[in-house]
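Asks: Between the sequences and the hints, there should be enough to build the whole structure, so can you do that?
There are 2 protein chains.
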Amino acid sequence: MASEKEVSNGVEWRIKIADGSSERLVPEANPASRLLLGLKSFVVGLALKVWKFLQKAWDLGVDDPRKVIHCLKVGTALAVVSLFYYTRPLYEGVGKNAAMWAIMTVVVVFENSVGATLYKSLNRVCGTFLAGFFALGVHSVASQSGQRFEPIIVGASVFLLASAATFSRFIPSVKARFDYGAMIFILTFSLVSVSGYREDKLFELAHHRISTIIIGTSLCIIISMLICPIWAGQELYTLTTRNMDKLATSLDGCVEEYFKDSGSVVESNKECHKKLQGYKCVLISKAAEESMANFARWEPGHGPFNFRHPWQQYLKIGSSMRSCAYCLEALNGCINSENQAPEYIKKHLNNSSLKVSSNSSSVIRELEITIKTMKKSSNIHSLVGEMNSAVQELQNDLKSLPKLFNPPSIPEADTPENKKIEPISRTMVKMPLMEIVPLLTLASLLIEIATRISGIVDAVEELENLAKFKRASNDKC
Amino acid sequence: MASEKEVSNGVEWRIKIADGSSERLVPEANPASRLLLGLKSFVVGLALKVWKFLQKAWDLGVDDPRKVIHCLKVGTALAVVSLFYYTRPLYEGVGKNAAMWAIMTVVVVFENSVGATLYKSLNRVCGTFLAGFFALGVHSVASQSGQRFEPIIVGASVFLLASAATFSRFIPSVKARFDYGAMIFILTFSLVSVSGYREDKLFELAHHRISTIIIGTSLCIIISMLICPIWAGQELYTLTTRNMDKLATSLDGCVEEYFKDSGSVVESNKECHKKLQGYKCVLISKAAEESMANFARWEPGHGPFNFRHPWQQYLKIGSSMRSCAYCLEALNGCINSENQAPEYIKKHLNNSSLKVSSNSSSVIRELEITIKTMKKSSNIHSLVGEMNSAVQELQNDLKSLPKLFNPPSIPEADTPENKKIEPISRTMVKMPLMEIVPLLTLASLLIEIATRISGIVDAVEELENLAKFKRASNDKC
Numbered sequence: 000m001a002s003e004k005e006v007s008n009g010v011e012w013r014i015k016i017a018d019g020s021s022e023r024l025v026p027e028a029n030p031a032s033r034l035l036l037g038l039k040s041f042v043v044g045l046a047l048k049v050w051k052f053l054q055k056a057w058d059l060g061v062d063d064p065r066k067v068i069h070c071l072k073v074g075t076a077l078a079v080v081s082l083f084y085y086t087r088p089l090y091e092g093v094g095k096n097a098a099m100w101a102i103m104t105v106v107v108v109f110e111n112s113v114g115a116t117l118y119k120s121l122n123r124v125c126g127t128f129l130a131g132f133f134a135l136g137v138h139s140v141a142s143q144s145g146q147r148f149e150p151i152i153v154g155a156s157v158f159l160l161a162s163a164a165t166f167s168r169f170i171p172s173v174k175a176r177f178d179y180g181a182m183i184f185i186l187t188f189s190l191v192s193v194s195g196y197r198e199d200k201l202f203e204l205a206h207h208r209i210s211t212i213i214i215g216t217s218l219c220i221i222i223s224m225l226i227c228p229i230w231a232g233q234e235l236y237t238l239t240t241r242n243m244d245k246l247a248t249s250l251d252g253c254v255e256e257y258f259k260d261s262g263s264v265v266e267s268n269k270e271c272h273k274k275l276q277g278y279k280c281v282l283i284s285k286a287a288e289e290s291m292a293n294f295a296r297w298e299p300g301h302g303p304f305n306f307r308h309p310w311q312q313y314l315k316i317g318s319s320m321r322s323c324a325y326c327l328e329a330l331n332g333c334i335n336s337e338n339q340a341p342e343y344i345k346k347h348l349n350n351s352s353l354k355v356s357s358n359s360s361s362v363i364r365e366l367e368i369t370i371k372t373m374k375k376s377s378n379i380h381s382l383v384g385e386m387n388s389a390v391q392e393l394q395n396d397l398k399s400l401p402k403l404f405n406p407p408s409i410p411e412a413d414t415p416e417n418k419k420i421e422p423i424s425r426t427m428v429k430m431p432l433m434e435i436v437p438l439l440t441l442a443s444l445l446i447e448i449a450t451r452i453s454g455i456v457d458a459v460e461e462l463e464n465l466a467k468f469k470r471a472s473n474d475k476c
Numbered sequence: 000m001a002s003e004k005e006v007s008n009g010v011e012w013r014i015k016i017a018d019g020s021s022e023r024l025v026p027e028a029n030p031a032s033r034l035l036l037g038l039k040s041f042v043v044g045l046a047l048k049v050w051k052f053l054q055k056a057w058d059l060g061v062d063d064p065r066k067v068i069h070c071l072k073v074g075t076a077l078a079v080v081s082l083f084y085y086t087r088p089l090y091e092g093v094g095k096n097a098a099m100w101a102i103m104t105v106v107v108v109f110e111n112s113v114g115a116t117l118y119k120s121l122n123r124v125c126g127t128f129l130a131g132f133f134a135l136g137v138h139s140v141a142s143q144s145g146q147r148f149e150p151i152i153v154g155a156s157v158f159l160l161a162s163a164a165t166f167s168r169f170i171p172s173v174k175a176r177f178d179y180g181a182m183i184f185i186l187t188f189s190l191v192s193v194s195g196y197r198e199d200k201l202f203e204l205a206h207h208r209i210s211t212i213i214i215g216t217s218l219c220i221i222i223s224m225l226i227c228p229i230w231a232g233q234e235l236y237t238l239t240t241r242n243m244d245k246l247a248t249s250l251d252g253c254v255e256e257y258f259k260d261s262g263s264v265v266e267s268n269k270e271c272h273k274k275l276q277g278y279k280c281v282l283i284s285k286a287a288e289e290s291m292a293n294f295a296r297w298e299p300g301h302g303p304f305n306f307r308h309p310w311q312q313y314l315k316i317g318s319s320m321r322s323c324a325y326c327l328e329a330l331n332g333c334i335n336s337e338n339q340a341p342e343y344i345k346k347h348l349n350n351s352s353l354k355v356s357s358n359s360s361s362v363i364r365e366l367e368i369t370i371k372t373m374k375k376s377s378n379i380h381s382l383v384g385e386m387n388s389a390v391q392e393l394q395n396d397l398k399s400l401p402k403l404f405n406p407p408s409i410p411e412a413d414t415p416e417n418k419k420i421e422p423i424s425r426t427m428v429k430m431p432l433m434e435i436v437p438l439l440t441l442a443s444l445l446i447e448i449a450t451r452i453s454g455i456v457d458a459v460e461e462l463e464n465l466a467k468f469k470r471a472s473n474d475k476c
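Protein chains in written order, with numbering that gives the first Met the number 0: chain A, 0 to 476; chain B, 0 to 476.
No wet-lab data here; the hints were simulated from the structure. Fair warning: there could be bad hints in the mix.
Put simply, identical chains are the same to the list, so a pair is met inside one copy or across any two.
[Stated by the list, open to error] Each computed DSS-like pair below joins lysine-lysine, with the alpha-carbon atoms no more than 30 Å apart:
(1) Lys174 / Lys274
(2) Lys259 / Lys398
(3) Lys51 / Lys279
(4) Lys66 / Lys371
(5) Lys51 / Lys375
(6) Lys51 / Lys315
(7) Lys374 / Lys315
(8) Lys469 / Lys375
(9) Lys55 / Lys174
(10) Lys315 / Lys174
(11) Lys51 / Lys469
(12) Lys48 / Lys354
(13) Lys174 / Lys273
(14) Lys273 / Lys354
(15) Lys285 / Lys273
(16) Lys55 / Lys285
(17) Lys315 / Lys48
(18) Lys375 / Lys354
(19) Lys315 / Lys279
(20) Lys174 / Lys51
(21) Lys48 / Lys174
(22) Lys315 / Lys55
Here the structure is a predicted model, which is why all the values come from computation and not from measurement.
Replies: Below you can see the structure in the form of structure tokens.
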């Protein structure tokens, strides 16, 4: 049995011996060729893996060419910084280890978006400056207190300030804006104050570090802002509007899918399914939105956005969209439920439900346009009104639903119209309520979604006021 | 009016003049004292802000003392590393700039959890090693190609490799595990290959860098693992079980809250409201779970966890919990709806709904215990069975609900029990369905939640198999 484990790949020949056991027939048993075979399959497997990896990378690049451009930008920045080292005069000017700091700055600070680069650059410069200042102060106190106490004072100050700065990184408001700065503060303070003990030219060291860091960060900022800039604010704005579009499409699609004749189910293809699942993007984009909003606040005015554009408001819009998406998730569960209402009951709510969903999605689309054009919508209120009246209509249809269950008990209702309903309602008396529960849940969730959409409207209106959107030119009122 | 704006803080005395205008009475109008006053209020305001900030920081420390311990650990590590600089022999041993690399390593690599520290340490060491190897190769090629081509070759290689490594950071599988390593690769490669042009002792430089980085990382790993270690895996495990508890409590609480007599609404205090909102923690913990799972895989076995504990499975459990929490969010919306079913209809579904919610939360609590004790539960299947039968019961109650609407039309149903229902159902014939829609939605969402809980059960069972949980000792079967 042990021999079976040894050869796990390839065909195997066996011969049965009289005593019942079997023996393996090995065509070429010499270990060298087996090693070669194993090595060959290993290399082929590795090559296949590498090929798949490269293919994935290629797809990623084709999918978003800006990523490729970013990589070339980083390469360019590093190549330019290397010039400082190659060119003798510059090299002499900023000191021996200076080029190293410039290279390090470029590698560490250059981020994908302008906002992130600015955040890191400013944090690095300020952190270095502040730490240098503190370290020089500690150094001057320590150097006056004698050879014996000097290391103790320096060590204690490193311990205390590093602990305090590390702790500050846990405080949410500091973490959001100055996390990197606090790290650089610890780094620079430790380096400068510890070097102070050995180095005579402490001031020169601090000066060189600061100047090379400023050179490195300026280069990064210039390159990231001038060559195909990727603005975090713009990204956040695009993400928000794209999520609104996806939410509207999903909402429309889910309700349509539910009320569609069961005959045409075959039509629903993969593309359609993907559209229906668009709301899931809304559910998972919280972290991305937060980091973008954090970076966007460092960016100067760009495109249609001012320097102090209210980016935080986009987070509120995102969170109100998510609260809609939660309901849509639950609604999706109902749609896939086993219990399905009979067609004629469905038909009763068909029109009003579709009206609510299409009016709701129109409101979302109008909000999308409001944000896209950055102009106050002139007809958002009428759209919200339409949505609310559609909700009212759906509620009325729900109210009239029991008629289908209850045969009219009062003879005066014996109009021709009621006569038509009579035979249906008779057959329905025994119909279990259970079958229409998913339908009612759908209706109820649609109403809830419409309520939550009002929350998005409020959030967008707050954005309009904060960012001082102008009225649209085709304003009728 | 302009003068009013100037003095915005402090009490102001005004005198009315005959022509109707008023004039400000300024006790001491000289600018020096006003400046002093302004400065004073600024300092007081600043002191207040700082005080508030410190108070917040203090609360943070009291809330989670491990954060304070982490800060002291970082301080200790930095103080120890400083010894390398203070102690002459060590200082001579590793070269002039070496201490700097050790300090830098400690500052950059020391993270809150052991997993994160290990991730950064291993990435730093491997990235440096690989980059040093590449850089030496490029250097040997460049140095043989003459003085003129040397900078071109070095520059081009920096550009190409930096671009490629930056691009690799966009690939999800690389980003999850080797993001930091790729950055260190770029950094080290640029530094070593650019230094190679000037520095004669390139090999020595690379060797010193590697050795000091190994010293720094070892120190960080030892301190983070030995002094009050915070394991990312343990954190993920705690987060998962705590979220399960919150989900179960919310589910129970929400349904109880809905069916509670309206008279006792006043009882619901802040504490209770907080409990009901527990599911929101489940909704927002995706990012935290992912980063913890990423770090946990670097950790060696600790506590009850092996080295290759299936941490990724916790993400699946988390995501199935979130899909429950979405429904709970929608359910919460229904509970706060304006339309409320009348008490007697509520009573009809009261028992079965409460049974579904309590049985569902029992299943979640059992799963929590399974994960907490890391032992296969012996009665999870019976609990799931109970949950399903409760769902069946609720469905039966829903089925019998139309009876309340329809007076029994067939005389044979004239049992004493039906006689009791009769007078109620007579009054209900005209009751709009609208009023019971929230109740039906609640029931339907409860059923959906029970279905999704089966998803959590499956995910936990997969974890049981992957992590080879043993059977509980009080196993009856």
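Asks: Let me make sure I understand: some of the numbered hints might not hold for this structure. Which ones are they, in numerical order?
Replies: 5, 11 and 12
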